[in-house]
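Peer 1: So the chains spell out like this:
Number of protein chains: 2
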Amino acid sequence: MQQLDITKLKYDRSGLIPAIVQDYATREVLMVAYMNQEAVEKTLTTLETWFWSRSRQKFWHKGESSGNVQKVREIYHDCDKDTLLVLVDQKGAACHEGYYSCFHYRINRDCTVEIVGEQQFDPDEVYGKI
Amino acid sequence: MQQLDITKLKYDRSGLIPAIVQDYATREVLMVAYMNQEAVEKTLTTLETWFWSRSRQKFWHKGESSGNVQKVREIYHDCDKDTLLVLVDQKGAACHEGYYSCFHYRINRDCTVEIVGEQQFDPDEVYGKI
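Same order as they appear, the protein sequences are chains Z and U.
Counting along the first sequence from 1, when you hit position 126 you're at 126 in the working numbering, and nothing is skipped either side.
Counting along the second sequence from 1, when you hit position 26 you're at 26 in the working numbering, and nothing is skipped either side.
This is chain Z alone, in the form it adopts within the complex (with noise of 0.2 Å):
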């Protein structure tokens, strides 16, 4: 078996490597966000998802704020050692929007968009108002 080292992995300039989160039972895709180093090392080390907030400029232990954290199931990464694709258990809802998915736009030919989905939370009642 081959050894990982994760400091192989290929992060981009900004020391970033994307992490697709998929639910583990149903395979949804549920968020991308971006991981570096250290938050991959803490996302094997404790099995929650950790990401580098490029907003924030800071860790990011998803669910942190909602309660929703993703308890991780596998890690894999791809042939070129850029992208992680991470398979959760997700409490809750990924989307701050209170959707399950991030990816509840969908696009149409024509570009008109609908929304797929059911809102699960009301998310002034979890983030508070702004």
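Some hints could be false.
Intra- or inter-copy, both count: the list cannot distinguish identical chains.
What the hints assert, rightly or not - Simulated crosslink set (EDC-like; lysine to aspartate or glutamate; CA at most 20 Å straight-line): (1) K42 to D82; (2) K8 to D122; (3) K81 to E114; (4) K42 to E64; (5) K71 to D110; (6) K71 to E48; (7) K8 to E114; (8) K10 to D80; (9) K42 to D12; (10) K91 to E125; (11) K81 to E28; (12) K91 to D124; (13) K81 to E118; (14) K71 to E118; (15) K10 to D23.
Derived by calculation from the structure, the hints in this document are not laboratory data.
For chain Z, the structure is supplied; the task is to place chain U on it using the hints.
Peer 2: Quick look at chain U alone, frame taken from chain Z:
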């Protein structure tokens, strides 16, 4: 219904947006590649996947060398409009290493890596020896 102005998707400073490609039937995540605005338009128009190859700096019609085209079934954007999810019928296999998915390297907690899945074709036969 809302209308999407595809110039308003959030492209990065290189003008690219990541696109996750997922198998429509099994929901297996197959690969991630990058589209510019014109690749998004070509994908919506032809209903086959088009990307911008960052390494070759040119358009890449997936399957043009291998025949392993991806017929588009659904396209989604996420809540931040900075990632696309493309559900496809995959002909052959998606990965240039001959596996159905590019994500065939499972990382264990101790950082050992296991290859998951069966190689479906010999890359040398499909792409030719370099």
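Peer 1: Hints first: check each against the structure and report whether it holds.
Peer 2: Here's how the hints hold up against the structure:
no., hint, verdict
1, K42 to D82, "within (18 Å within a copy, 25 Å between copies)"
2, K8 to D122, "neither (40 Å within a copy, 26 Å between copies)"
3, K81 to E114, "between (34 Å within a copy, 14 Å between copies)"
4, K42 to E64, "within (14 Å within a copy, 40 Å between copies)"
5, K71 to D110, "between (38 Å within a copy, 17 Å between copies)"
6, K71 to E48, "within (5 Å within a copy, 34 Å between copies)"
7, K8 to E114, "between (40 Å within a copy, 17 Å between copies)"
8, K10 to D80, "within (8 Å within a copy, 24 Å between copies)"
9, K42 to D12, "within (19 Å within a copy, 27 Å between copies)"
10, K91 to E125, "within (17 Å within a copy, 45 Å between copies)"
11, K81 to E28, "between (22 Å within a copy, 18 Å between copies)"
12, K91 to D124, "within (18 Å within a copy, 44 Å between copies)"
13, K81 to E118, "between (35 Å within a copy, 19 Å between copies)"
14, K71 to E118, "neither (22 Å within a copy, 27 Å between copies)"
15, K10 to D23, "neither (24 Å within a copy, 25 Å between copies)"
In the structure shown, a violation is registered for the earlier hints numbered 2, 14 and 15, in ascending order.
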